[in-house]
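Going down the list, the protein sequences come from chains A and B.
Residue numbers for the first sequence follow the working numbering, beginning at 1 and rising by one.
Residue numbers for the second sequence follow the working numbering, beginning at 1 and rising by one.
No incorrect hints appear here.
In the SDA-like style, the derived pairs of lysine to any residue whose C-alpha atoms are separated by at most 25 Å in a straight line are:
(1) B:131 - A:53
(2) A:31 - B:101
(3) B:131 - A:2
(4) B:82 - A:11
(5) A:31 - B:102
(6) B:97 - A:3
I should point out that these hints are in silico values taken from the structure, not numbers from a laboratory.
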Amino acid sequence: MTAQALYRNLLRQAKQVTDYNFRSYSIRRVKTGFRKNQQLQGDEAAAAIQDGHVQLEVLKRQVILGKLYPGAASVMDSPNPIIA
Amino acid sequence: MSVLTEKGLLQPFMILPGLDVTQPFSRTTQGTAPRNHSHHRVSIAIPTHERINKDPMVLRTFAAQTFLDAGDVTSRILEVVKNFDQVDGNKVTEKVKFTEDLGLDSLDVVEVVMAIEDEFAIEIPDAEADKIVSIADAVDYIISHPMAK
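With the rest of the complex left out, here is chain B:
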């Protein structure tokens, strides 16, 4: 019995509520089922109310919606920019432009955009990265990026 988990790992068997996973699989079931006899069906009775909403597995399909919420993205980007060495944290708002409002030069902007890449675990191609000149640009790019985490 294997299950594709959130991290994409195949686990040897499903961890179900009420099942003691520290014991060998066959002993925890009926007690009568001999080991290594695959023709013996082992049934585990799990009450329906336990099966619903108590399964520790989070199943997610590859078709899942993966775009991030704009509010979360904004606050995370603000935090990244505030923590940047050359930036005065009090000046940072959602509307600032890196060069005009924060006094960064073009090299600093490259570093800020790379810090944002690291935060969301993506790599922004050169053509797109050169266009990001403000917090708003960065937010727009991240919320439209399907792989941003």
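Only chain A is shown next, with the shape it has when bound in the complex:
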């Protein structure tokens, strides 16, 4: 899997998180993490990619857990947040 594909898969999983707050955090964490490590070379880059794969599995499990035990929906996920 290329780094781009890893980024795509992480973002895809992050967008599926049920809870608004965890979802926002996951998307933000993936984007900032890749930006931060963008300039890495050689072994450091390989280690970061490896860590990304581990985190992808973690995120997949969290998405499933979030769907199994959904909490109350955030007001931010309401179709009309103003009057919710």
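Please build the complex by placing chain B on the supplied structure of chain A, with the hints as guidance.
What follows is chain B alone, placed relative to chain A:
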């Protein structure tokens, strides 16, 4: 009487022109047909000229042609790319490449392609998504995708 509508829902009865759907079904017909007596045939007279072209139902078969028009796809993709944060909207034309012409890095390109996926409600597999490096590539992929909306 059930009908497969555009959204694939089975509706309890067809809404026909001239039929008052707010009234119970049997009352709006002949007035003489008792309810719950299925052996009584209820006929509704609808003039032929009303039946043609005035039916509110849009029937569509599963074999319907679902590919999108290239012009529409192009304008929608241009709009998506123009609205992307890191992109200067004035530079976006049908011929630009994301990296060379718009100055996006590889992570931005991934995000642009994902924005295009969202626009057309599809998911592009990794192998195909990595090949999309320009507006033209994206248009080609979308117009050849049968599920793109």
